[in-house]
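In order, the protein sequence lines correspond to chains A and B. Quick note, the first sequence lines up with residues 1 to 310 if you use this note's numbering. Quick note, the second sequence lines up with residues 1 to 123 if you use this note's numbering.
The set of hints was computed from the structure by calculation and includes no laboratory data. Predicted, not measured: the structure shown is a model, and the values here were computed from it. All C-beta atoms in this analysis are idealised placements derived from N, C-alpha and C, irrespective of residue type, glycine included. Heads up, a few of these hints could be off.
Ranges of calculated distance between the beta carbons of each label pair, as one might list FRET restraints [claimed, not checked]:
1) A:D111 to B:R117: 55 to 65 Å
2) A:R84 to B:E66: 24 to 34 Å
3) A:L75 to B:P10: 43 to 53 Å
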Amino acid sequence: MSALDPDSLRRPLDLPLSPDAGASLDRDETDERPSRDEGTIRGRDDAEKLDQYLLRRWRLDGDIEARQELITMYLPLVRSLARRYAARGEHFDDLVQVGAIGLIKAIDRFDLDRGVELTTYATPNIVGEIKRYFRDKGWSVRVPRGLQELNIRINKLIDELVPKLQRSPTINEIAQAAGVEPADVLEALETSQAYNSVSLQSSLGGEHSEEEAMLIDYLGQEEQNYDVMEDRTVLAPGFAKLDKRERTILYLRFFEGLTQSQIAARVGISQMHVSRLIRRSLEKLREEIGDLEEPIVPEPGDAAGVHGVN
Amino acid sequence: MTDLVALEFPAHPSVLPLVRMVVGGMAARVDLSVDALDDMHMALEEIFYASREHGRSRCRLIITAETDALTVQLGPFASMHVVDRLAEPTCSLVARVVELQVLPDKAGGVSIFLTKRREASGP
Numbered sequence: 001m002s003a004l005d006p007d008s009l010r011r012p013l014d015l016p017l018s019p020d021a022g023a024s025l026d027r028d029e030t031d032e033r034p035s036r037d038e039g040t041i042r043g044r045d046d047a048e049k050l051d052q053y054l055l056r057r058w059r060l061d062g063d064i065e066a067r068q069e070l071i072t073m074y075l076p077l078v079r080s081l082a083r084r085y086a087a088r089g090e091h092f093d094d095l096v097q098v099g100a101i102g103l104i105k106a107i108d109r110f111d112l113d114r115g116v117e118l119t120t121y122a123t124p125n126i127v128g129e130i131k132r133y134f135r136d137k138g139w140s141v142r143v144p145r146g147l148q149e150l151n152i153r154i155n156k157l158i159d160e161l162v163p164k165l166q167r168s169p170t171i172n173e174i175a176q177a178a179g180v181e182p183a184d185v186l187e188a189l190e191t192s193q194a195y196n197s198v199s200l201q202s203s204l205g206g207e208h209s210e211e212e213a214m215l216i217d218y219l220g221q222e223e224q225n226y227d228v229m230e231d232r233t234v235l236a237p238g239f240a241k242l243d244k245r246e247r248t249i250l251y252l253r254f255f256e257g258l259t260q261s262q263i264a265a266r267v268g269i270s271q272m273h274v275s276r277l278i279r280r281s282l283e284k285l286r287e288e289i290g291d292l293e294e295p296i297v298p299e300p301g302d303a304a305g306v307h308g309v310n
Numbered sequence: 001m002t003d004l005v006a007l008e009f010p011a012h013p014s015v016l017p018l019v020r021m022v023v024g025g026m027a028a029r030v031d032l033s034v035d036a037l038d039d040m041h042m043a044l045e046e047i048f049y050a051s052r053e054h055g056r057s058r059c060r061l062i063i064t065a066e067t068d069a070l071t072v073q074l075g076p077f078a079s080m081h082v083v084d085r086l087a088e089p090t091c092s093l094v095a096r097v098v099e100l101q102v103l104p105d106k107a108g109g110v111s112i113f114l115t116k117r118r119e120a121s122g123p
C-alpha cells in the first residue's frame, strides 16, 4: 500500500458538517487550554477536556493544528488496535496507516453534542477501517463493493439453505432468498473466483486470534484414507504435491462422492471455500503434471474415433 | 424444453469468467444446484486446459439446456491427443462428478460432451 498522504493529516475530509455542529457550545470553555496528564484520575478528566478543547478548535474554528494534534495524540490508540490484526499477513505499518484513516474520519465526523468521548467514537471507526482493508485486500482483482457484499450474503444464504433444503440450492432459489435476479447471483458467485484462497493457517473469524480455531484444525479427519489415495497410481505423481488437507478434500469429493455442501458441513467451512480449495488443488495437480510431461505436438490428420471415457 | 447457446472464443484463460457466466445462465434455466454448476465449471475448465495445451487458439462450445440436464459440447477436436489428455489426473477426477463422453463428429473429429443432470431430490 502506498504511504499515507501527509497532506491528508492536515486536510479535512470532504465530509458534510452539520450546519449547527457545535453551535451550542460555550466558546468561553475553549479559551483556556487544559493540560494533559493521563497518570491520574484527574489526568483522565484533563485529557477529556483537552480532547474537547481541541475538537472545538477544529470543528468551530477550523484550526487545522488542533486536528493534527488530535491525530498525533491518538496514534498510539491506532497502533494498539492495529497490533491485534498484525498476525494476519499484512505489514503492521500498513495497518497503522489504514487505522489512521479511520481515526481521521472519526475526528472529522465527531459530534460534539453527543456527549461521548472521542476514544469511544474513534475505536470502532479505526477497527472498521482496518477490517474493510482486510476485506478489500482479500480480493485478487478489484471487485465492486456491492458485488463483494452480495457474494458474502449469498455465501451465508447457501449455508442456511443447504440444511433447510437438505440439498444444494439452485441459482433461482438463492436469487429468491437474496431478493435479486439469478444473473446477479451468477455474477456474485463469479466474484468468488477472484477471492484469494485463504491460508489454512488463517483464523475462522473474530478478533481474538490467539483464541481462534484455524481452518487447518477442521481438516484432516480422514487420515485413514490417505493410503487409499496414494494407491491410486494414476493420480500419484500429482497427489504427492498436495498437502494432506487438499488430498482429504479431493478424496471426499471425488472418491467418497460427497457434494461440496456436504464437505463444507463436515469440515466447518463454506461451500464456496470448499469450491476454492478443490480448484486450487486441481490447479496444483495440473501444474505438476505439466511440469512432468513433455509437450505434445499436434499431429495433423490424426484419425478420429469413438472413445468412451468413464 | 431445449435451449441452445453456441460460443466460440479465444483459448485464453481470461475468457473463462465469461464462459462460466454463460454456462451458469443456462444452468439456472435447468435449475441445477450450485454444487452441480460448480462441478460443470470445473470439468469445463479442466477440458479447456487440456485442449489448450494441445495448441488450439480457439475454443468452441455448444451449451444445451434441457428439462433436467445441462450439456456442454466442446470441440470438435481434429486430433486424438485431446482424448489422451482426458486420462490425466485432473480430467479423470472431474469425470467422476460429471458425465463425460467423447463422440465422433461428422467432420471426422471428436467432440467432448459434459453433462450434469438435475438432482432427483431437486425442486
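Verification of the hints:
| no. | hint | verdict |
| --- | --- | --- |
| 1 | A:D111 to B:R117: 55 to 65 Å | holds, 59 Å |
| 2 | A:R84 to B:E66: 24 to 34 Å | violated, 53 Å |
| 3 | A:L75 to B:P10: 43 to 53 Å | holds, 51 Å |
Hint 2 from the list above is the single one not met by this structure.
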